[in-house]
Amino acid sequence: MLGFIIRRLISAILVMFSISVLVFLIFFATPGVDPAARIAGRSASPAIIAQVRHAFGLDRPLPIRWALMMDHLFIKQDLSSYVNIGSRVVPQITQAAPVTLSLVAGAAVIWMVIGVTGGVIAAANRGKFIDPVIMFIGIAAVSVPAYWLGEVVNLITQGGLHHSIFAWVPPSGYVPITQSPGQWALHLIMPWLTLAALYAGIYARVLRAELVNALNEDYVRTARAKGLSERRILIRHALRCSLIPIVSLFGLDFGALIGGAALLTEVVFGLPGVGLLTYTSLQNLDLPVIMGAVMYGAFFVVLANAVVDIAYAFLDPRVRIA
Amino acid sequence: MIALGVLILILLSVIVAPFYAHDIAHTNPFTSNLNGTTVISGRTVPVLQPNTQGLGLGVTPIGPTWDFRHYFLGADNQGRDVFARLLYGGRNSLFIGTVSAIICCGVAAVLGMLAGYFGGVIDWVLSRIFDIVWAFPVYLLAISLSVVLLTSGLNLGPVHVGPGSLWLPIVIIAAVYVPYVARPVRGLTMSLREREFIQAAIGSGASDWRILTKEVLPNTLPSVIVFFPLMVAFNMLTESALSFLSIGVQPPAASWGTIINDGLGLLYTRPWVALAPGIMIVITAVSLNILGDGVRDAFDPKAKLRGAV
Amino acid sequence: MKFRSRWLGVASASALVAASLVTGAMGAQASTPSTGPALTYQPSHAGGTVKLLASSAGGTLDPQVNYTLQYWQLYQATYDGLVSFRKVSGKASFDIVPDLAVALPKVTNGGKTYTFVLRKGIKFSNGQTVTVKDVQASFQRLFKVANPNAGSWYAGIVGASACLAKPATCTLTGGVVVNPSKNIVTINLTAPDAEFLDQLAVPFGSILPASTPGHDMGTTPIPGTGAYMFKSDNPNTKLVMVRNPYFKVWNAAAQPQGYPKEIDEIFSNTVESEVTMVENGQANWMFDPIPSDRLAELSNKYASQLHVNTLTSTWYIAMNVNIAPFNNLLAREAVNYAFDKNAAVKLYGGTKLASPTCQILPPGFPGYQPFCAFQKGTGSTYSGPDLAKAKALVKKSGTAGMSVGVVAQTDTVDLALGQYLQSVLNSIGYKATLKPLSPNIQFNYIQNTNNKVQISETQWYQDYPAASDFLKILLSCSQFHPGSDNSINISGFCNKSLDAQMNQAETLMLTNPTKGNALWAQIDKQIMTKYAPWVPEFNPKLIDFISKGTGNYQFSKQFYMLVDQLWVK
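Same order as they appear, the protein sequences are chains F, S and Z.
If you count the first sequence from 1, position 143 lands on 143 in the numbering used here, and the numbers rise without skipping.
If you count the second sequence from 1, position 8 lands on 8 in the numbering used here, and the numbers rise without skipping.
If you count the third sequence from 1, position 290 lands on 290 in the numbering used here, and the numbers rise without skipping.
Chain F extracted, bound-state conformation:
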């Protein structure tokens, strides 16, 4: 078991390393993006650019520049932006992280509640009218582009109806929970619902499939033979087993979202989270910030993967060999 965990962690570190190299190479391969020229300003003379290039260590060989960047990012933690010079990358990320966490945590509660309820109701009523209706709504939710849904929500709440029934919806933006919990929730409610729609659809569908499978298992038949009520069987027995894959799925999705996969939702609603930070730094080709944000995001994805894998290995010894 320990061996498995160690192997898993080593490969996680390897993945992180490769991603850092990949990001680094992609951006130094981009033509027309000489960081020195951009730092120096709009019409700096060649001498000035050379001076900046030297001061920032941009005249060193690529591997050394990579190592320097990693050193500044992880060890010294003083890596600073190429665009907002002096603005440190690490604090930028630590400031953006709570926004993303607020968005994702709130949305997760909503999608778990709706997804699980929907899945259970559909499974309990399989073959009846309500089942395909719920499943169709699930498919529709999965099929809507998240950014478009967000824009439509903006159009409805900030456009023509803003002066009547949606007057309570504040303009997009973020208010920290420490400043005003009410405003925090009010500003996030629309982003929560938008982000949750997609995942609620997925979870309802997956859970229904799991439940239907479980209801055909032997232990359920046994329970039925004992004369337990159908509702009790569904909630007490089938749901309990079916939640395991849901929880592992949740682990992966939550990790990815915290890591910046909520990018489009953050962009559309102007929430200054990790996704928006990544997006703006990509637009500015601000390599240090991109590197920081991508490493941060990859960390959560890799961590979530590793945790889920290791948890599975505990539950199912066969996995350890693989």
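Among the clues, some could well be false.
Covered stretches of chain F, going by a simulated chain Z footprint (3 or more residues, C-beta under 8 angstroms) [said to hold, decoys possible]:
(1) 47 to 56
(2) 90 to 96
(3) 165 to 173
Read the hints as simulated data drawn from the structure, not as lab findings.
Positions of the beta carbon are idealized from the N, C-alpha and C atoms, including for glycine.
Fit chains S and Z to the supplied structure of chain F, relying on the hints for placement.
For chains S and Z alone, coordinates are given in the frame of chain F:
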């Protein structure tokens, strides 16, 4: 069945796009028409209308006429017919979705089978590559690649792909989703390899190539086919998201995503420019997902697949 | 030499600030012709917090490094140079007035020596007194921090070449000489420079404490002498300015007293929500340009809160005169004939927001003489395109059928212009493709000859009002550096005889500005009519949208809205 019908309807409508643009709307959806005029109930009006109220700031494109002969859904900020562009855009969206799904499923099937069948170093290397692509958030990878490729195009030996080519989004999207399909294929191949008929084939001295093509492939193909409609929907959604971030299909060509992007600048005044392509995407993706469920039930009733994220 | 693009900002200002547009205390300007106008302070309006909105921060806060109007607009209230632009509305805002110096300098030695007497008793916001040592250190620091224009504007100071070679040990010996006992600063130039005072009056010329470290200070505030000081800067949330406790008015024309108690610039809102917040009175002003689909709504419902000002700026298409097809004069003329400037104006927001132009210098600028070549009509104003002539020219040039790559920015207006240009090029016989690039990258990308850009959309905003700031900077041989990202002569246009005329015009400006500007006007006309390296598109206007109840809108042509003059009480 309804889903299939809807898909065929959408296909037909995008196929007639040139006919519609040329013979019904008499418009060229790829050239700017900033000084154009059109006739509405007998009056000639400009396609781009200057504001005449207040301080007179701003120029607004003509809104929907709800008349198929001209500007059914209004014009975009270049004065082009949005409905004609919607039909042409559908061609690109469906083409990119389908072709990238073919490439993605093909590459994933090959890599997944190789990793699962040979195991050892090959499996380790491929699996780590999957891990890396998987852990690199999808849009980040796509955006980073696009930023580079859109400026310089793609040069791989004799293959040169220009920066405005449709093949760039296709390749990027296909590459990003390979692990989604390759991982289950790998798992399936690994379990197949333990099965008696494969062991028997290995024992009889058949070549790896022969075993892979004659024994493994027929058994993994159904799973890949089950993935296919879902991947088309998936890839189409991703394409639209990339185009929305203006790194997908390049103007003046259109896809549903680029039209949404064009429409965002007009969201509050001419919402239909952004709404219509979004609705088309939703209808198409719903049909594909339902079709995917049907295909799954037909091929593999017990398969547990994750829906399109 | 500043370029500011609209997604971050704006750059410089108007010829026609109509008095009717200015709300507050226009009448309060005491226009005494002998000393010139200055703003009169009205203490009853002091206090409150002004909230400014911007979608993103403007980069480093260091006034000797930052080259964005977004922050130049704030520096006007936080830093002072020896001289400054007059802080008023209207045309007088281009005047240069003494600031930390007692009076404008005495110029001797054939225009090569400037002698300033420093005011006594002025204090930095950290309580230190401003001395001639601080002045000397500030000039040295320009080179130590690699000021963007150290190699051009300030390279004429004696000793500058040594500083450019070895910035860390920069002394400017013989260039900036100070006399502490008499409080005198003497600056020696290697050659006369008609624009030297302009170059001292912009924020790069700010006087900072001698103890300021010789590197870009980034987000760390540096003490200054203005009415306000920076308190904190967080590029992801907000920038805070508060009153400088040591500030006392010494010359209201140069550094007037401000009204608000605090000025915040709040970042990271979407532009759409910025509009909504100003509409709702949750903020006083937005820095970003108003999105085009909100223009009609605002101009109909909020007309009294909008201020439209003409900018001294030209939006243009740069054609690369060194590679095909635009190394052919006929091809360049063809694009000039075909491109409809009125259509471009529509894409920018209509005739109330921009006026078509056929020339390099913007209206109201020194040396501006209207003319218009390559059009349907023959007058000096633009009447429309001549597509037939354009097609014939392309045919005659033998460049028909060539592939042309158009490089534009990804922001809405620029992308729309790029799409239109692509469409025009296709219609006259080329095969055009569009390469949209992020605004931050595009400007440097189109300058570098290695990228082989054939034609690009771009724009130029003045640094200070002098014809050379357009003509010499953008179209002289000295500004063309093949293979460099910083080669602002984007067309790669280099003509020796025109260069000689530009030098002659610059020399004339020292002795006879009228004659000098007449020569600049000729140069403007010659470049366009004889060589056509550009397609000038239009001169844009700027809209400021302020919230209801925000008073005393003052618009300086140099620094735009004076943020510290707003009333919120």
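Numbers of unmet hints, in rising order = Per hint list: zero violations.
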